[in-house]
Amino acid sequence: MSTKYKIGVFDEEKTLVASIKSLQERNLAIFDVFTPYPIHEVLHLLKRKSKLPTAGLIYGITGALSVLAFLYYTSVLDWPIDYGGKPFNSFPSFIVITIVLTILIVTITSLFTFSVRAKLFPGQEAVIFDERATDDKFIIVIDAGLLGGEAASEAGRIMSESGAVEILEKDLTEKK
Amino acid sequence: MYNRSIRGPLVEGNKTYGQISSDIMAPIDARPGMWWYLTMAIASVAALFGFYAIYITVSKGIGTWGLNNSVGWGWEIINFVWWIGIGHAGTAFSIFLLILRQRWRTSINRAAEAMTVVAVGCAALFPALHMGRVWLAFFIFPYPNTRGPLWVNFNSPLFWDFIAISAYLLISFSFWYMGMLPDFATIRDKTTSKVKKAVYGFFSMGWTGGSHQWIRFESLSFILGGIAAVLVVSVHSIVSTDFAVGVIPGWHTTLFPPYFVVGAIFSGFAMVMTMMVVVRKVYKLNDYITDNHMDAIARILTFISLIMGTAYATEVFMAWYSGNEYEMFTFFRNRVTGEYSVQFWGMVICNAIIPQLFWFRKIRKSTWGLLWISLAINLGMWFERFNIVVTSLANDFLPSNWVSYTPTIIEIGIYVGTIGLFVVGVLLFFRYIPMIAISEVKGVLNIGSKIDD
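Same order as they appear, the protein sequences are chains A and B.
In case it helps, the working numbering puts the first sequence at residues 1 to 176.
In case it helps, the working numbering puts the second sequence at residues 1 to 453.
Among these hints, one or two may not hold up.
Subject to a maximum C-alpha distance of 25 Å in a straight line, what follows is the list of computed BS3-like cross-link-like pairs (lysine-lysine) [stated by the list, open to error]: (1) B:60 <-> A:170; (2) B:284 <-> B:365; (3) A:170 <-> B:197; (4) B:194 <-> A:119; (5) A:14 <-> B:194; (6) A:47 <-> A:4; (7) A:4 <-> A:170; (8) A:119 <-> B:362; (9) A:119 <-> B:15.
Read the hints as simulated data drawn from the structure, not as lab findings.
Take the sequences, apply the hints, and build the full model.
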């Protein structure tokens, strides 16, 4: 499958943001924006949202409850041992392990979720539109196949008007 | 909000984004200098000495150490606590300062995290070896088994410690690695070498810098930062409970958790400072790790040093105020005066008095001043742990139990070995990993300036 993309290359954060705004005013869909560092304004304009914090909260609650349940099971149900007269369910001294293990569980599960959702795996091939996007350029990618030729060339014109230093066309043939 | 007109820019020298990438990548592309090979050689020899000492310990047993019935914890526990303390730099710098939105952390956090991972690895060696039969170390994992009491003692601080240290190591490593993804991608896209492209490409896991990735990256770093901030407090508090739940005079005190946590952050910051002084000098990264950064660390150290001084004074005061004769003995006859007064006063002078020199601007600006004072703090923190571990054990309740303790060459060997390992780890980090977070520095390049408004 072959897809054509129109790529606007920008030098600065400011022109990039202006360009995104004018593209959106004309309802020209932006495929994605690539930047060397996170720009909150861009993420906000593209309405990117992440449900990771909610997932993290769920992991945390589940994690904490499972750790406490595990401690209760081992120390009270499975094999109770009297340690210096302490009650079998010595909850206050279970808190330490619960907190630390909850942090560990949240870290590992959130990382895993991040890896799945952001599509980052060891050995994953990166789909690179322009190699300078991780260095010093800001890039807007327009899916020309989706928008159609006319709209795509309009998008190209808007981008160069709002300060793009280069407009490129790229034909990315998906690897099978 | 960062006030640039008062505090100066975070990155000096009017850098462009491209320059930032090439400046920070330069040590990875260039051949390391003679000093690198020389230090590597010395550190490797030290590490080999350490491995030899570990071999003797494992093959012959703990009897090769200078421990005895009274002093059951010696250099191993001192060094364990010392390394864990240094390992606090990572959480303190990258996570605490992230939560507090201190943007100046960006030039330093990567190195602090790297240091943490290596230091905690060194620390974890000691309790493992202290178990004696290190090949049975897996006994400490809580899993169903056929060994009698089945489960470990979940009420024991020693077990908490095991959980805390392993979790800390895993979490620090994850946080560190995740933060490096964008930088590995930068190297992948910018390098001309095919091998580097393949290797860093593999480790960058397909990072492109798209908005879908950045939004999740930001969320993840705040989740991890938020939840791991607890570790700043918990790890060393748990280490302190190893001591504080004991009845030994000098250990049995409620001051211990905050005292240990503050001490850990103190030594972590000091080690970061030592490393940053070297990095600035050798790699000429003064534009990124500016005088203002060093100044900020020095100010924090001055303040923590005051807390340390207060803690020492509180301990001595409480010994007198409690009216407990054993406490009185431990502090006044054993630490302040007596057999171990050198270590006690070494601790007070290095940790509470010398860092006060940072009140002078001239010293905060001087490379040698920063280097020597940070080294003095690390020495002082070692004295502090010696003071706590050995003085209390050597002379406790019964005079018939009193002994003195001297480490054997094997114990010294393990310590020297971990220092060697640490230096090897840090040198490899300098050589193969961007030592400043490239993407984060780009994000703060124009902070507080007109362009940013």
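Subject >> Hints that the structure is at odds with (numbers, increasing) >> reply: Violated hints (numbers, rising): 1, 5, 8, 9; every other hint is consistent with the structure.
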